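Going by the numbering used here, the letters in the sequence shown line up with residues -15 to 103, in that order.
Incorrect hints may have been included.
Taking lysine to aspartate or glutamate and the DMTMM-like style, the derived pairs with C-alpha atoms no more than 25 Å apart in a straight line are [to be verified]: (1) K86 with D0; (2) K12 with D0; (3) K86 with D4.
Taking CB as the label site, the calculated pair distances span [unchecked claim]: (4) G50 with H3: 32 to 40 Å; (5) Q44 with L90: 43 to 51 Å; (6) R34 with T9: 32 to 40 Å.
FYI, nobody ran anything at the bench for these hints, they're computed from the structure.
From a predicted model like this one, the values you see are computed outputs, not experimental measurements.
All residues carry an ideal CB built from backbone N, CA and C; glycine is no exception.
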Amino acid sequence: MNERASAEPSAANTPDAGHDRRVRTAAKVGVGLLIPTAIVSILLSLMTERAADCVTNGNQCSSIPGPVIFGAFLVSAALGLFAASCPQQRLPFSTARSWAVKLQWLAQLTMAMLLLASP
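Generate the whole structure from the sequences, applying the supplied hints.
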């Protein structure tokens, strides 16, 4: 009996498994960089003249509300954790993980830009 002929390729060896592993890695990297991104963005925004004027005199302060920035942070964290930990069988459609990672990175970029724009 030929065992090679009857053996089906395992799920771990399919071409989609490699793509899925890369997408999960991108999600994990995004979650790992979320807090450092926030800290660097806050430090850079506090180093501007506008931030100094806002802190000392109350002039030129940003009108971006804090909950919007925190919401972008939470969305990025939630999407990253979903993309990194959700099993393939529970995804609603085949490209859900890729879309979650793209939206995760977009939310993280939005958070960083909002932090840089507000002293």
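How the hints compare with the structure:
Among the hinted pairs, K86 with D0 is consistent with the structure: their alpha-carbon atoms are about 18 Å apart, no more than 25 Å. Of the supplied pair hints, the one linking K12 and D0 holds, its CA atoms being roughly 18 Å apart against a limit of 25 Å. Proximity of K86 to D4 is assessed by CA-CA distance (about 14 Å); at most 25 Å being required, the pair is judged to hold. The hint said 32 to 40 Å for the Cβ distance between G50 and H3, and at roughly 38 Å that hint holds.
Range check, Q44 to L90: Cβ separation about 28 Å, and the 43 to 51 Å hint is violated. Checked against the hint of 32 to 40 Å, the C-beta distance between R34 and T9 comes to roughly 38 Å, which is consistent with it.
Violated hint: 5 only; the structure is consistent with all others.
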